[in-house]
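K.L.:
Letter by letter, the chains look like this.
Protein chains: 2
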Amino acid sequence: MLTLYSYWRSSAAYRVRIALGLKGLAYRQVPVHLVKDGGQQHAVEYQSLNPQELVPLLVDGDARIAQSLAILEYLDETHPQPGLLPRDPLQRAQVRALSLHIACDIHPLNNLRVLQYLSGPLGVADEAKTQWIRHWVETGLRAVEEGVANWTGPLSLGERPGYFEACLIPQLYNARRFECDLSGCPRLLAIAARCESLEAFQQAAPEVQPDAQ
Amino acid sequence: MLTLYSYWRSSAAYRVRIALGLKGLAYRQVPVHLVKDGGQQHAVEYQSLNPQELVPLLVDGDARIAQSLAILEYLDETHPQPGLLPRDPLQRAQVRALSLHIACDIHPLNNLRVLQYLSGPLGVADEAKTQWIRHWVETGLRAVEEGVANWTGPLSLGERPGYFEACLIPQLYNARRFECDLSGCPRLLAIAARCESLEAFQQAAPEVQPDAQ
Numbered sequence: 001m002l003t004l005y006s007y008w009r010s011s012a013a014y015r016v017r018i019a020l021g022l023k024g025l026a027y028r029q030v031p032v033h034l035v036k037d038g039g040q041q042h043a044v045e046y047q048s049l050n051p052q053e054l055v056p057l058l059v060d061g062d063a064r065i066a067q068s069l070a071i072l073e074y075l076d077e078t079h080p081q082p083g084l085l086p087r088d089p090l091q092r093a094q095v096r097a098l099s100l101h102i103a104c105d106i107h108p109l110n111n112l113r114v115l116q117y118l119s120g121p122l123g124v125a126d127e128a129k130t131q132w133i134r135h136w137v138e139t140g141l142r143a144v145e146e147g148v149a150n151w152t153g154p155l156s157l158g159e160r161p162g163y164f165e166a167c168l169i170p171q172l173y174n175a176r177r178f179e180c181d182l183s184g185c186p187r188l189l190a191i192a193a194r195c196e197s198l199e200a201f202q203q204a205a206p207e208v209q210p211d212a213q
Numbered sequence: 001m002l003t004l005y006s007y008w009r010s011s012a013a014y015r016v017r018i019a020l021g022l023k024g025l026a027y028r029q030v031p032v033h034l035v036k037d038g039g040q041q042h043a044v045e046y047q048s049l050n051p052q053e054l055v056p057l058l059v060d061g062d063a064r065i066a067q068s069l070a071i072l073e074y075l076d077e078t079h080p081q082p083g084l085l086p087r088d089p090l091q092r093a094q095v096r097a098l099s100l101h102i103a104c105d106i107h108p109l110n111n112l113r114v115l116q117y118l119s120g121p122l123g124v125a126d127e128a129k130t131q132w133i134r135h136w137v138e139t140g141l142r143a144v145e146e147g148v149a150n151w152t153g154p155l156s157l158g159e160r161p162g163y164f165e166a167c168l169i170p171q172l173y174n175a176r177r178f179e180c181d182l183s184g185c186p187r188l189l190a191i192a193a194r195c196e197s198l199e200a201f202q203q204a205a206p207e208v209q210p211d212a213q
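The listed protein sequences derive, respectively, from chains A and B. Take the UniProt record's numbering: the final residue in the first sequence is number 213, and no numbers are missing along the way. Take the UniProt record's numbering: the final residue in the second sequence is number 213, and no numbers are missing along the way.
Just so you know, these hints were derived from the structure itself, not from any lab. All of these numbers come straight from a predicted model, not from anything done at the bench. Idealized CB from N, CA, C, for every residue including glycine. Please note: incorrect hints may appear among the correct ones.
[Stated by the list, open to error] In silico DSS-like links for lysine-lysine, alpha-carbon gap of 30 Å or less:
{"no.": "1", "chain 1": "A", "residue 1": "K129", "chain 2": "A", "residue 2": "K23"}
{"no.": "2", "chain 1": "A", "residue 1": "K36", "chain 2": "B", "residue 2": "K36"}
{"no.": "3", "chain 1": "A", "residue 1": "K129", "chain 2": "B", "residue 2": "K36"}
{"no.": "4", "chain 1": "A", "residue 1": "K129", "chain 2": "B", "residue 2": "K129"}
{"no.": "5", "chain 1": "B", "residue 1": "K129", "chain 2": "B", "residue 2": "K36"}
[What the hints assert, rightly or not] According to the in silico footprint, chain B covers these stretches of chain A (three or more CB under 8 Å from chain B):
{"no.": "6", "segment": "28 to 40"}
{"no.": "7", "segment": "103 to 111"}
{"no.": "8", "segment": "186 to 194"}
{"no.": "9", "segment": "199 to 210"}
[Claimed, not checked] Over 12 Å on every C-beta distance to chain B, these chain A residues come out as not near it, computed from the model:
{"no.": "10", "residue": "T3"}
{"no.": "11", "residue": "A43"}
{"no.": "12", "residue": "A66"}
{"no.": "13", "residue": "L75"}
{"no.": "14", "residue": "L98"}
{"no.": "15", "residue": "A125"}
{"no.": "16", "residue": "W132"}
{"no.": "17", "residue": "G153"}
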């Protein structure tokens, strides 16, 4: 049985919950509260499992795997059906490039520890912090919107969602939470509408996790 | 012939130069100056090639691929020898997880556009900005240092460097540039010393690029 160390509102953990659902893999979830107790991800026991002190962490037998995209690749290599990525190397690269734009150039600028640093050591006021969030999310998602313009099907695998949607949907969840302007992203919203009707996405949603507040 | 849109001091472009060198692939380099002209990555011609308005971009025939790690995966799938990743899925996941920690949780917080936003809209003073850089680099690299503690060989592929070293060496270059404290990272410095003796790394170094200043 797989074990996922997760936090309901972590968008990186949300990606992995989607991928596990798409593959129909059963897993046990262990909540790691990113705020309580000064952040349970910094506790000695968790740090010994994952020195990166971040969620998610997937435990598969004796193996411990950090980083959501490394977990997605691992799941796709060890449980190939249904695949999360196209088969053609160029199409795989295009999907990975859009996903990495979310995972490297949008999400990390708005995750909890960065927002805490802005408020704390840098003394950034709430309004300016919200502008910071919206700037990176809106700039980044507009580029992703352009990136999906030439797709032949409605989703990254034609009629099926995969790696890309596992990254996009959590980022859109965050964008809505911070009331970002998504009016320039009709294609992404259409992708989201399709995904939201699917069980794998419904069961991965933050609000239905055991640790949701 | 492959074409790489690059900037000498971009650590994401540096990763791809290393990977191309490790695979012995010839390529033409097109410099994109990230500061001059308000940032040439925002110019209409470049934006039409890469809507993400970031370097690197690899052009292979008609294909255009953004995001350094998507490019590394593409090169490894289309030119498998010598491989950049181990063969075993779990070992691949461990290498990807450490690389993604650099690419998602260290580098994006310190790249040029983020530092410009800190200085500009947020009015962060130079000294506080330097502390910000050092905080994320030092915290992140300490976790990477722990991550390599159990390796059986000196490098990620035993005696050979690959995907991981292509991410690590540019990050260490940045760390030194901002005078980060690397005293807690002896294993990473030993890996760097080995890599620096290899031609693929020497030829990818920022200072020897055609656009170096």
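K.L.:
Any of the earlier hints contradicted here, and which numbers?
P.N.:
1, 2, 6, 8, 9, 12, 13, 14, 15 and 16
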